[in-house]
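4 protein chains.
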Amino acid sequence: MSTPTVIESGPWAGWKTWPQDTFETGTGPFYSRAEPGRGVVCAFIAEPRHMNGGGFMHGGCLLTFADYACFAIAEEYTVGGAVTVNLSGDFLSAVSAGARMEATGEVTRAGGRLIYIRGMITADGKPALSFTSVVTKVNRDRAG
Amino acid sequence: MSTPTVIESGPWAGWKTWPQDTFETGTGPFYSRAEPGRGVVCAFIAEPRHMNGGGFMHGGCLLTFADYACFAIAEEYTVGGAVTVNLSGDFLSAVSAGARMEATGEVTRAGGRLIYIRGMITADGKPALSFTSVVTKVNRDRAG
Amino acid sequence: MSTPTVIESGPWAGWKTWPQDTFETGTGPFYSRAEPGRGVVCAFIAEPRHMNGGGFMHGGCLLTFADYACFAIAEEYTVGGAVTVNLSGDFLSAVSAGARMEATGEVTRAGGRLIYIRGMITADGKPALSFTSVVTKVNRDRAG
Amino acid sequence: MSTPTVIESGPWAGWKTWPQDTFETGTGPFYSRAEPGRGVVCAFIAEPRHMNGGGFMHGGCLLTFADYACFAIAEEYTVGGAVTVNLSGDFLSAVSAGARMEATGEVTRAGGRLIYIRGMITADGKPALSFTSVVTKVNRDRAG
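Residue numbers (my numbering), protein chains in the order written: chain P, 1 to 144; chain F, 1 to 144; chain C, 1 to 144; chain Y, 1 to 144.
Identical chains share a label here; the pair holds if one copy fits it or two copies do between them.
Listed below are the simulated SDA-like cross-link pairs for lysine to any residue, each with C-alpha atoms no more than 20 angstroms apart in a straight line: (1) 126 x 110; (2) 137 x 54; (3) 16 x 54; (4) 137 x 109.
Because the hints were derived from the structure by calculation, they are not lab data.
Use the sequences and the hints to build the structure in full.
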């Protein structure tokens, strides 16, 4: 989408984020970096503001992080911009405030226009959301 | 999940919301009411804070509204509480700030534990997200 | 895909099928026609050969019929050929041999390349599978 | 589902199948076995009868194999029987007759009633279908 910024200091020093993305910045911010043997790792800390009425992380928060993660994982394939075609999530376990959230995944196919991603969000290492997504490079199918 | 509140004045007078849901209140708030011939209608106004880096509504915002809508649509079947098992969204068109967002849908099956919902989010009447979801009544499969 | 054939006699007279599709012909055949007020209607009769080890229709049979139905429903938008990008099905109820299976649905968006469909399969009128699909026009993203 | 049979001779000697599943036997048969380091591996050979009108494997055939694979992968968790709640597939590449089809995957969560699976189908080693599924133990939510 837009240009990522690398955090220079603090607990997320060395991680990237997309500050121009207003919704992501407001929901997260979410951070990502490449780690040896794990590929792109996305992360944030679960806070009370991410919780639903039952006291657990809202499904929409998990799906927002998943959508973010898909673009972070597929960043090299979507340089000119891309938009989500489909996103599907299977909710595996409840997440409480304070948990360290991480998302990892892989590009399962990078076609000329369509990019397929699948991944997993964990909370303190425990699987929380299994997700799959298809995105398409922009100014193609979803404009207007 | 928790108890809905009916708005008493202002532009959303007569609509319900779930103020105890911190994430929804922060992302929306989202509102719902039953309308003759349409069933449960959910709504909010798209604002700049809902947009992604490209200037269109973030996929996570649409999915959060979809997740909310599923519980509003299925409210009568989930009195004791329920959690999302699966949510899948197909992104049909880009949404800009200022649009009136609405979600409607139907319960396609209400089983003993599993409730199935499908619906559509529109932006100023134009289809934006087609969604399906399965939710399960709580203290069953997803606890802990 | 290929050219449909209109059945000339027997119980399916007036319905179309795609005889060049070996897998569909072997699994079905499946039939479709436009009906006033319902759009494209797809149909076949459930037989013992469609059942799983538990005596109910196999999920794969329902999904095969759904995949067929998506192309029948979207036929006017996929004249030059198209392939499935994503298909998702929610299983609503068990189906027994002898049931009349029908599928109906709608194109929720027809973009330049991507076509989105959602629909419902019923068995003797009872909802059995809710499905959504994205297909892409061919010789584009999924070739080889 | 039902009791698997171990093949005693021929090219699939040592592999299991479910001969009581009429639809699977007619579409496949499909075979499975545990392999060191890979978990449960499912396999069959693509034949002309599995192809669509365009000469490539029908999406319904891939989804049928995926549905089969989910039960093979989750066999230890579904001893008393289970039925599919949701199955979603992303189609990654076209498959031609003659290819050796394999499916592998993992149980991402085994709850009291709901079992979550994700996996990948390959054709001669090339990713063809990425799938996710939720199944529920039987005589619970989807009976009649």
